[in-house]
Each structure stands twice: as C-alpha cells, then as structure tokens.
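Enquirer: Let's have the full structure, built from the sequences with the hints guiding it.
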Amino acid sequence: QISWTPLLVLGYLFYLLLGAMVFQLLEKQAETHFRDQFQLEKLKFLQNYTCLDRQALEQFVQVLMEAWEKGVNPEGNSTNPSNWDFSNSFFFAGTVVTTIGYGNLSPSTVAGQIFCVFYALFGVPLNLAFLNQLGKGLNAHLITLERWVQKPGRAQVQ
Numbered sequence: 001q002i003s004w005t006p007l008l009v010l011g012y013l014f015y016l017l018l019g020a021m022v023f024q025l026l027e028k029q030a031e032t033h034f035r036d037q038f039q040l041e042k043l044k045f046l047q048n049y050t051c052l053d054r055q056a057l058e059q060f061v062q063v064l065m066e067a068w069e070k071g072v073n074p075e076g077n078s079t080n081p082s083n084w085d086f087s088n089s090f091f092f093a094g095t096v097v098t099t100i101g102y103g104n105l106s107p108s109t110v111a112g113q114i115f116c117v118f119y120a121l122f123g124v125p126l127n128l129a130f131l132n133q134l135g136k137g138l139n140a141h142l143i144t145l146e147r148w149v150q151k152p153g154r155a156q157v158q
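Counting along the sequence shown from 1, when you hit position 111 you're at 111 in UniProt numbering, and nothing is skipped either side.
No lab work stands behind these hints: they were computed from the structure. Possibly wrong hints are sitting among the right ones.
[What the hints assert, rightly or not] Simulated restraints on C-beta separations:
no. : residue 1 : residue 2 : range
1   : ALA140    : TRP68     : 46 to 54 Å
2   : GLY101    : ARG147    : 34 to 42 Å
3   : GLU66     : GLY135    : 23 to 31 Å
4   : GLN37     : LEU142    : 52 to 60 Å
5   : ILE114    : LEU17     : 45 to 53 Å
6   : VAL110    : CYS51     : 32 to 40 Å
7   : PHE14     : ALA140    : 46 to 54 Å
8   : LEU17     : THR99     : 13 to 21 Å
9   : TYR102    : ASN132    : 18 to 26 Å
10  : VAL110    : TYR49     : 32 to 40 Å
11  : ILE114    : ALA140    : 36 to 44 Å
12  : GLY137    : ASP36     : 42 to 50 Å
13  : GLY101    : TRP4      : 22 to 30 Å
14  : TRP68     : GLY101    : 16 to 24 Å
[What the hints assert, rightly or not] Straight line, CA to CA, 25 Å or less: simulated DSS-like cross-link-like pairs of lysine-lysine:
no. : residue 1 : residue 2
15  : LYS70     : LYS42
16  : LYS28     : LYS70
17  : LYS42     : LYS28
18  : LYS151    : LYS136
19  : LYS70     : LYS44
Given the structure is predicted, the values throughout are model-derived calculations rather than measurements. C-beta atoms are modelled at their ideal positions from N, C-alpha and C, and glycine is treated no differently.
Expert: Printed below as a string of structure tokens:
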C-alpha cells in the first residue's frame, strides 16, 4: 500500500513556495514603484514647505493615503524592506489557501489579483486535502498512544 502523505506534504509545500514566488514577482515591482513615488512626493513636500498652500497640502495627503492603501509605510524611507519579500509572500500564500486572510497585505496589481483568485481556487481544496490527511495521521498516532496507555499491566490513573 502506497502512503500518499509524504507526496501530499511535498506537493502542499511546493504549492506554497510557488505561490510565494509568483506573488513576489507580480507585486514587488509595483510596490517599489509606489514607494519611490511616495518618496518623491515627500521630498517635494519638504522642499516646498515654506511656500505650501492648501491645494499642495491636500495633494500630499491624497498621495499619503494612496501610499498607505498600497502597503507603503509613510513613516519609513527608501531603505525599508519590501512588504513583498519572500517571507511575507510565503505568509500571504498560506493565508490565501487557508482562507484566514490575516493582515493588510493584498495584491495591488491586476495580474496579482487575478493570480490570487486562481491560486485560491486550486489552493483551498489542496489545503483541505492536506488538513484531512494530517488529521488522519494525528488520529492514528493518538489511537496508538491510547492503546499503549491502556495496555494491561500498566498502572491505571483513577
């Protein structure tokens, strides 16, 4: 009898790694563009601070809000690490297939959003199969442990 568990675990990890690489590839460049654009606007704001009028301030606030919505931290500078580095991309891929959806990281490009839909379409059933197999494995080990604990001749806890 062939055990499918190792193959399922490897397939699941491969799927998460593949998703992380694609999300990083699709989103990191767009994030870098928005971060650079925000840095330029911030520099313009600081250079023009002495003669700032209401319209310029409103425009800066608009750029600030757009940067925040795209996941760019307005307090940071250009040396801030990317939100779409490999570890964050891997974490995001995991939240997609588990349907947890934790955090404020989400694809901002159309290609990233489309990929996310299809990634979830295949990833959620794969995750369910993985968790099902994991549950069966844990159940088998717990039954073995229960039999060992209840073995005749062992001291019973009352």
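Enquirer: Each hint: holds or not?
Expert: Cross-check of the supplied hints:
| no. | hint | result |
| --- | --- | --- |
| 1 | ALA140 <-> TRP68: 46 to 54 Å | holds, 49 Å |
| 2 | GLY101 <-> ARG147: 34 to 42 Å | holds, 40 Å |
| 3 | GLU66 <-> GLY135: 23 to 31 Å | violated, 44 Å |
| 4 | GLN37 <-> LEU142: 52 to 60 Å | holds, 55 Å |
| 5 | ILE114 <-> LEU17: 45 to 53 Å | violated, 20 Å |
| 6 | VAL110 <-> CYS51: 32 to 40 Å | holds, 38 Å |
| 7 | PHE14 <-> ALA140: 46 to 54 Å | violated, 25 Å |
| 8 | LEU17 <-> THR99: 13 to 21 Å | holds, 19 Å |
| 9 | TYR102 <-> ASN132: 18 to 26 Å | holds, 22 Å |
| 10 | VAL110 <-> TYR49: 32 to 40 Å | holds, 36 Å |
| 11 | ILE114 <-> ALA140: 36 to 44 Å | holds, 40 Å |
| 12 | GLY137 <-> ASP36: 42 to 50 Å | holds, 48 Å |
| 13 | GLY101 <-> TRP4: 22 to 30 Å | holds, 29 Å |
| 14 | TRP68 <-> GLY101: 16 to 24 Å | holds, 19 Å |
| 15 | LYS70 <-> LYS42 | holds, 16 Å |
| 16 | LYS28 <-> LYS70 | holds, 11 Å |
| 17 | LYS42 <-> LYS28 | holds, 21 Å |
| 18 | LYS151 <-> LYS136 | holds, 22 Å |
| 19 | LYS70 <-> LYS44 | holds, 20 Å |
The structure fails to meet hints 3, 5, 7 from the earlier list, while all remaining hints are met.
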